[in-house]
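Protein chains: 2
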Amino acid sequence: MLIVQKYGGTSVANVERIKAVAGRVSAAAKEGHKVVVVVSAMSGETDKLIGLAQQISPNPGEREMDLLLSSGERVTSALTAMAVEALGHRAMAFTGRQMGIITDTVHTKARIERITGERARKALQDGYVIVVAGFQGITEDDDVTTLGRGGSDLSAVAIASALEADLCEIYTDVDGVYTTDPNIVPEARKLNKISYEEMLELASLGAKVLQTRSVEFAMKYEVPVVVRSSFNNNPGTLVTREDKDMEKVVVSGVAYDKNQSKITVMAVPDTPGIAARLFKPIADANIVVDMIVQNVSSGGNATDISFTVPKTDSKKALTLTEKIARELEAKGVDLREDIAKISVVGVGMRTHSGVAAQMFDTLAGHGINIMMIGTSEIKVSCVIGLKYTELAVRVLHEAFGLSG
Amino acid sequence: MLIVQKYGGTSVANVERIKAVAGRVSAAAKEGHKVVVVVSAMSGETDKLIGLAQQISPNPGEREMDLLLSSGERVTSALTAMAVEALGHRAMAFTGRQMGIITDTVHTKARIERITGERARKALQDGYVIVVAGFQGITEDDDVTTLGRGGSDLSAVAIASALEADLCEIYTDVDGVYTTDPNIVPEARKLNKISYEEMLELASLGAKVLQTRSVEFAMKYEVPVVVRSSFNNNPGTLVTREDKDMEKVVVSGVAYDKNQSKITVMAVPDTPGIAARLFKPIADANIVVDMIVQNVSSGGNATDISFTVPKTDSKKALTLTEKIARELEAKGVDLREDIAKISVVGVGMRTHSGVAAQMFDTLAGHGINIMMIGTSEIKVSCVIGLKYTELAVRVLHEAFGLSG
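One line per chain: the protein sequences are A and B, in this order.
Sequential numbering from 37 applies to the first sequence in our numbering.
Sequential numbering from 37 applies to the second sequence in our numbering.
Bound conformation, chain A alone (with noise of 0.2 Å):
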């Protein structure tokens, strides 16, 4: 088998736990598996050299920031090529650029558009273990792009998908994806297999295990992601495409997402092409709107938006905002960022009824107001004061009956 392998910070946090990564590849390289490992920075390190970049500058270019955040991924694949070799193997260190991965030139969150992957494909053949600076690539220009929090496990999931390997490994310090956040609520229980499309909604609902992106690329290419930790042996929970079995359960899990913040935008002149005119600049600015609600206002012909950005750019999002409000002659503009948003994830949604009623009436029956309500076809989400987050976790995990 071609195996990916991705070790996420805390799995290469030190000299040790390097060394054991070492270890683990070594495992299934003596099991005859072809290995491509793909590291991201020692835990802190990313954060160390944004915070560098901010006590020089406010506002750092972000070409020059992609060139200082793509360090912390070459050194721990460096190093934890070396530790392979120090096990007998011949191994191999590729930054994103040896490995071919082509971006878009979106710096600090490119895309990625192709993988060449040439010289790896070789280095493989000639039994080389591969180690894959993980979180960046390269634009057809030759500047370094990064691929935004979370990335290494884009790179993975592309890398395992381009190589066409058989298996996509994600290590990480959970034992994999849980019905919810465990810190919250001790009975949570982890699921042993998942649907692409029910992590993606847990994923891009804060469930923090696998990025959003990895998600949506691994569902798209069907490539077999495993979530498991680096630090046990525990089997993990399997990401794949949806099946019989899955529908069975309506909801799979219960997850939370503390980084976003609300804008309002108040009384709006209710006519054609306002939303386009309101979301296209913040569009432009590659700020991703997650969820929006439009009300007609107390007034009659004039409308109420709220929408939410995750809070890194709700300072940006909210100057926009401001300036397109003033242009539409809208109220006003209000941002709250002490609110939370609650969801519930499952495939079986499509086909049960009565899962947004038993929410919203399990959060009311315990004095949680909802802010904004929305909705798919496998997820219904709510927005509610930050304060009431554990609670509500608790008291929807308890009445899906997730416990199990």
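Just so you know, these hints were derived from the structure itself, not from any lab.
Don't be surprised by glycine CBs; every beta carbon is placed ideally from N, CA and C.
Among these hints, one or two may not hold up.
Stated by the list, open to error - Pairs of lysine-lysine residues, derived as DSSO-like cross-links and limited to a Cα-Cα distance of at most 27 Å, are as follows: (1) K423(B) to K226(B); (2) K84(B) to K55(A); (3) K66(B) to K55(B); (4) K55(B) to K84(A).
As the list claims (entries may be wrong) - Where chain A lies over chain B, by a calculated footprint (3+ residues, C-beta under 8 Å): (5) 46-55; (6) 126-132; (7) 315-329.
Stated by the list, open to error - A short list of chain B residues far from chain A (calculated; beta carbon distances all over 10 Å): (8) I39; (9) G59; (10) S93; (11) R99; (12) E121; (13) L160; (14) D178; (15) F267; (16) L274; (17) K294; (18) D349; (19) I409; (20) I420; (21) E426; (22) V431; (23) G437.
Given the coordinates of chain A, work out where chain B should sit on it, guided by the hints.
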């Protein structure tokens, strides 16, 4: 003017120092100069990375070592470019690859073969300050290489030559080149001007202000180099072509080198071709042999051969030498690490005699035994016991009237 400014590790040691460097760069740009900045890793960073590698593997692969070590300069180049931009200039960070620094494939001590520099020329024309990661290049096969200790000096001089810069300023933590180490002789005097040849002897002998290969390069391509401090505005020392003024001074400086070891092959049968057989494998291992002395041994038909190698390579050189010594049926091999090399240097020696005699006399007068002697047109070197280093430097500095 087009100026290349190189800043060493202590000059970019932290955020404050990087901002100070940016201020200096900004001042030069405001005077109307085009500026190319070359930076080292923040001081301590390279040693930290080497330490990590040594904890991972007793014998880390050199290709991976280069990938590892090159990351330090990338960090500094990105941060420095940000700092220059924060002062209102346009700035771009360049990696060795983006600068087009093509080297041979001798990892960890690669030689620069050529610098394409197209992108840099374009960026300079467009009004950018360019900040290049020093110490690194790339092979034709796209692998990262490093240029050895002090390699950022070489990067700077080679870039100055490739871009036909008017001046190459090497910023460091000392005011320039001194007649000897001021830590040993407080009366040591800063030289305003020195010839490439003298600088070469001083650098290779351990004066530590400018890496040897960078001086060779500057001499070959006649790049005017100024060595000066980034901590003040003193004018520094100009390293340039020899001129008439210089010849008036017999001895320009006294240098010492504690980083050499002495290997002696005892009683080798004295037949033609011995030296070649002995030194070829050492050269093939990329170990630089400095002094070589051959004496006829007491026996008559056998000879002793002594030579010095860098201390870091002494174990490797010893192993190689022992192997050849057995083949040559020599009596034995002796390694001494407790030695130092003391040298007096000056282009004036070409026209003045008696320097060597005065040196031997001075050392003898203070009871310092001489183990090896080597001479060139413009220097005399003696290998002595390590513990006499400081004494020898002091008495020679005084004997040749260098305190001025």
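Comparing the hints with the structure gives:
| no. | hint | result |
| --- | --- | --- |
| 1 | K423(B) to K226(B) | holds, 26 Å |
| 2 | K84(B) to K55(A) | holds, 18 Å |
| 3 | K66(B) to K55(B) | holds, 16 Å |
| 4 | K55(B) to K84(A) | holds, 18 Å |
| 5 | 46-55 | holds (count 3) |
| 6 | 126-132 | holds (count 4) |
| 7 | 315-329 | violated (count 0) |
| 8 | I39 | holds, 21 Å |
| 9 | G59 | holds, 12 Å |
| 10 | S93 | violated, 4 Å |
| 11 | R99 | violated, 7 Å |
| 12 | E121 | violated, 6 Å |
| 13 | L160 | holds, 17 Å |
| 14 | D178 | violated, 6 Å |
| 15 | F267 | holds, 19 Å |
| 16 | L274 | holds, 32 Å |
| 17 | K294 | holds, 30 Å |
| 18 | D349 | holds, 21 Å |
| 19 | I409 | holds, 43 Å |
| 20 | I420 | holds, 39 Å |
| 21 | E426 | holds, 38 Å |
| 22 | V431 | holds, 47 Å |
| 23 | G437 | holds, 48 Å |
Checked against the numbered hints given earlier, the structure breaks hints 7, 10, 11, 12, 14 and satisfies all the rest.
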